[in-house]
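Visitor: Residue numbers (numbering that gives the first Met the number 0), protein chains in the order written: chain F, 0 to 474; chain C, 0 to 395.
FYI, nobody ran anything at the bench for these hints, they're computed from the structure. Model, not experiment: these values are computed from the prediction. Each residue gets a CB set at the ideal place from its N, CA and C atoms; glycine is no exception. Among the clues, some could well be false.
To be verified - Sample of chain C residues facing chain F (criterion: CB under 10 Å; computed from the structure):
#, residue
1, 136
2, 142
3, 145
4, 240
5, 244
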Amino acid sequence: MAGVTSYGAYIPLYRLSRAEIARAWGVAGTPGEKAVANYDEDSLTMAVAAARDCIAGIDPKSIEGVYFASTTSPYKEKQSAATIATILGLNREAFTVDFSGSLRCGTNALRAAIDAVNSGSAKSILVCASDVRLGHPAGGNELAFGDGAAALLVGDIGVIAEIEGSYSLYDEIQDVWRSDRDLYVRSGEDRFILAEGYSRVIHEAVTTAFKKFNLTAKDFSKAAFYSPDQRQLGMVALKLGFELKTQVQDILHSEVGNTGSAMALMCLVAALEEAKKEDRILLASYGNGCDVFSLKITDNIAKVRDRRGIKRHLASKLMISGYNRYLRWRELIDIQPSPRPPIELRQPGPAAQWRETQGELRLRGTRCKRCGTPQYPPQRVCLICQAKDEFEYYSFLDKKTSVFSFSHDYLMATVDPPVTVAVIDFEGGGRIMCDMTDRDTGEIKVGMPVEMTFRKLYYVGGIYNYWWKCRPVRC
Amino acid sequence: MESIKDKVAIVGMGCVKFGENWDKSIDDMMIDAAYEAYEDAGIEPGDIQAAWFGTVWAGETGQIMAAPLKLPYIPVTRVENACATGSEALRGACYAVASGVCDVALALGAEKLKDTGFMGLPQTRPNATWSYRLTTQTPPAVFAMMAIGYFAKYGLSYEQGKRLLAQISVKNHHNGTLNPKAHFQREITLEQAINAPMIAYPLGLFDCCGVSDGAAAAIVTRADMAKSFRSDPVYLKSIQICQGPREGFMNPAYDFAHVEETYRGGIAAYAEAGVKNPREEISIAEVHDCFTITELTIMEDLQFSPRGRVNEDIESGTFTLDGTLPVNTDGGLKCFGHPVGASGLRMMYEVYKQLQGKAGPRQVKNPRLGLTHNQGGEPGAATVSVVIAGNELQRS
Numbered sequence: 000m001a002g003v004t005s006y007g008a009y010i011p012l013y014r015l016s017r018a019e020i021a022r023a024w025g026v027a028g029t030p031g032e033k034a035v036a037n038y039d040e041d042s043l044t045m046a047v048a049a050a051r052d053c054i055a056g057i058d059p060k061s062i063e064g065v066y067f068a069s070t071t072s073p074y075k076e077k078q079s080a081a082t083i084a085t086i087l088g089l090n091r092e093a094f095t096v097d098f099s100g101s102l103r104c105g106t107n108a109l110r111a112a113i114d115a116v117n118s119g120s121a122k123s124i125l126v127c128a129s130d131v132r133l134g135h136p137a138g139g140n141e142l143a144f145g146d147g148a149a150a151l152l153v154g155d156i157g158v159i160a161e162i163e164g165s166y167s168l169y170d171e172i173q174d175v176w177r178s179d180r181d182l183y184v185r186s187g188e189d190r191f192i193l194a195e196g197y198s199r200v201i202h203e204a205v206t207t208a209f210k211k212f213n214l215t216a217k218d219f220s221k222a223a224f225y226s227p228d229q230r231q232l233g234m235v236a237l238k239l240g241f242e243l244k245t246q247v248q249d250i251l252h253s254e255v256g257n258t259g260s261a262m263a264l265m266c267l268v269a270a271l272e273e274a275k276k277e278d279r280i281l282l283a284s285y286g287n288g289c290d291v292f293s294l295k296i297t298d299n300i301a302k303v304r305d306r307r308g309i310k311r312h313l314a315s316k317l318m319i320s321g322y323n324r325y326l327r328w329r330e331l332i333d334i335q336p337s338p339r340p341p342i343e344l345r346q347p348g349p350a351a352q353w354r355e356t357q358g359e360l361r362l363r364g365t366r367c368k369r370c371g372t373p374q375y376p377p378q379r380v381c382l383i384c385q386a387k388d389e390f391e392y393y394s395f396l397d398k399k400t401s402v403f404s405f406s407h408d409y410l411m412a413t414v415d416p417p418v419t420v421a422v423i424d425f426e427g428g429g430r431i432m433c434d435m436t437d438r439d440t441g442e443i444k445v446g447m448p449v450e451m452t453f454r455k456l457y458y459v460g461g462i463y464n465y466w467w468k469c470r471p472v473r474c
Numbered sequence: 000m001e002s003i004k005d006k007v008a009i010v011g012m013g014c015v016k017f018g019e020n021w022d023k024s025i026d027d028m029m030i031d032a033a034y035e036a037y038e039d040a041g042i043e044p045g046d047i048q049a050a051w052f053g054t055v056w057a058g059e060t061g062q063i064m065a066a067p068l069k070l071p072y073i074p075v076t077r078v079e080n081a082c083a084t085g086s087e088a089l090r091g092a093c094y095a096v097a098s099g100v101c102d103v104a105l106a107l108g109a110e111k112l113k114d115t116g117f118m119g120l121p122q123t124r125p126n127a128t129w130s131y132r133l134t135t136q137t138p139p140a141v142f143a144m145m146a147i148g149y150f151a152k153y154g155l156s157y158e159q160g161k162r163l164l165a166q167i168s169v170k171n172h173h174n175g176t177l178n179p180k181a182h183f184q185r186e187i188t189l190e191q192a193i194n195a196p197m198i199a200y201p202l203g204l205f206d207c208c209g210v211s212d213g214a215a216a217a218i219v220t221r222a223d224m225a226k227s228f229r230s231d232p233v234y235l236k237s238i239q240i241c242q243g244p245r246e247g248f249m250n251p252a253y254d255f256a257h258v259e260e261t262y263r264g265g266i267a268a269y270a271e272a273g274v275k276n277p278r279e280e281i282s283i284a285e286v287h288d289c290f291t292i293t294e295l296t297i298m299e300d301l302q303f304s305p306r307g308r309v310n311e312d313i314e315s316g317t318f319t320l321d322g323t324l325p326v327n328t329d330g331g332l333k334c335f336g337h338p339v340g341a342s343g344l345r346m347m348y349e350v351y352k353q354l355q356g357k358a359g360p361r362q363v364k365n366p367r368l369g370l371t372h373n374q375g376g377e378p379g380a381a382t383v384s385v386v387i388a389g390n391e392l393q394r395s
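Let the sequences and hints guide you as you build the complete structure.
Guide: Written out as structure tokens, the structure reads:
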């Protein structure tokens, strides 16, 4: 029987208090804070972070598919799942799929993965859900939305949470949506949404699922639900017979915000982090319908306890100094251009990038077979002993690394000055120069340990230029 | 292997005023520099038999130089070696004369940086795709990492380090006030330098050279013909280029506290010139102070100061105009300016005038050997030139 075999999640380091947003607009605030992706993050980079958390220690060659779910993919036509599969090092025959269309796409992907494993067409599939949704400035969505990602590995060996049953309903309604011409998510009238949207559909789907599963609310330790806000979650839970304080997984609104298609799976990850064997979890999401799943925890749950997941990412945070910084990061305001040469001169060449794929997307260098020196970028002629074409490939990605030198560049044109550049040295040998991100500039010291994180450098000529940056070890 | 020592002499030089020369095109500056050199050498333009043109951004082929100067269908080669471009142009001219294929050659370097409309240096398209993978590789940021590296290696606090760097800037600013051709001619104080706005931590405004337009030229001939042009030619003792394999960013053995190419270029230059004790024998040095930290490490790399102890020489004023080894007497890159393709020749212009006793208020006493040093690229991946010249012809 297919189930979850591993899990991971990602929450951006930076948080913006809702009081700060409200202050900017001169309105009454709502409680809590939202997680804000850095300017160098997007749904793809966050999905990669969640995926790496999920499959740490697992052979990527054993994974036979990547399903990437988002309503805010970087490209409308260029598959993000293929990029994720490349970064993680899956076999070429892995089945890569992008899911989108509604906030249900995360659980759509989960359902598809379960069906694939149960039908025997794949042994193990990685599901990633990730969103960076934008609400109109000065509106309720801007206050409510947050950024985040979750990843689940679905298989039938070493299952930690069996998927006992699933049930889905579709529902045609224009309640919350975004057209291909929109930057911001649109919402219909509040009264209509409240009456006929989320709460109606999730209630209908879960009550029918209960009948199908022959279970009731009392049979579940936790309900991990998508919800647009606390209030509607409470209403729905109550009506379904769940005890709000003890049974409903609710950690994300006040600390992270509404993470869109990632939310349901992030709630599930939070529940899995605390779950004990024999627990039962109800998972439900919403978006033009509802996907419902019943999961039963096995005794393998104790084997997957070292993930960064939700808890550790939640605890590791830096507050954004002001609302203006959020506007700058999301590029919502046309600010004074830098007097430096334009970024267009740094347009990446697709042919060169393609040729360098393994080196750049996987941080794969070479190690000289004659003298054993690791080097990056990959070198045909050894830096130390000049041996030619006598190398093996060498991954720098999961090696310990620390800062040898750094600077904060106040001159370089960037979304959020200064740019921190660092020269970092790796345990086992090798050195790389790269940007440093997610850092307090005043805290950087020679010798501090850092780790690699997959980020977006800049956008030019219609191309998102991705690479790795380093950051102080997160959590 | 042979050396260039005492085979070639400089018999004429020209240099325009460096600065934001809004009213001068690159053609104007090339003409002014070249004609000052012709006059200084006492020759006609038609006497030039071959020319080397150094520029990073003015354009490709020797035509950029041949056109305004109306060079009449002679060999003209455009060369580029980052900040060592001007010295590379000199090298080409000198090697041609030393080989015997021509007797009189012109080396000219020029750069027009203030036409871009942007702040800073023009953007060059990097060659390697991987260099697109960083957001920044601005020179201040990468040289700043050498400041961090040097401070860390030798246990300097931020305050101690900033103070050392500031003294270099103050010195070069002072020297610039004595030079009517310098871009910047104003004194600054230590406090101004230390507290200046940050450009790339820990380098501030006065730690970084600016962006200038300029041109400089040299006319070279065979050493045994030099005295027929003038009574005080300047003889080339060594011309070295040192190019490392871009090692610093890949090899953890690199300490970001020195520049290997400068060190090895210096060793090669001293060997070629027969210099055994640089600190004693070099009378005046023009070095590549693109940033104050660069000048600091150059003093150690060129063996003027022992490793890790340049602070003693900076504090005691060894490198000031009144010191025992004046460095950047004309204001350096910081104050004379750094129109990249011209800088190597501008440095030689000062060495040339010093060796001839024509440096006016900047004159050092009884100079015998002058050294120019250029350093393009970055710490860990540098393109260096070291050239030594003297005012005496030595028979071996």
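Visitor: Does each hint fit the structure? Answer for all of them.
Guide: Hints versus structure:
no. : hint : verdict
1   : 136  : 7 Å, holds
2   : 142  : 8 Å, holds
3   : 145  : 8 Å, holds
4   : 240  : 20 Å, violated
5   : 244  : 7 Å, holds
Hint compliance for this structure: hint 4 alone is broken.
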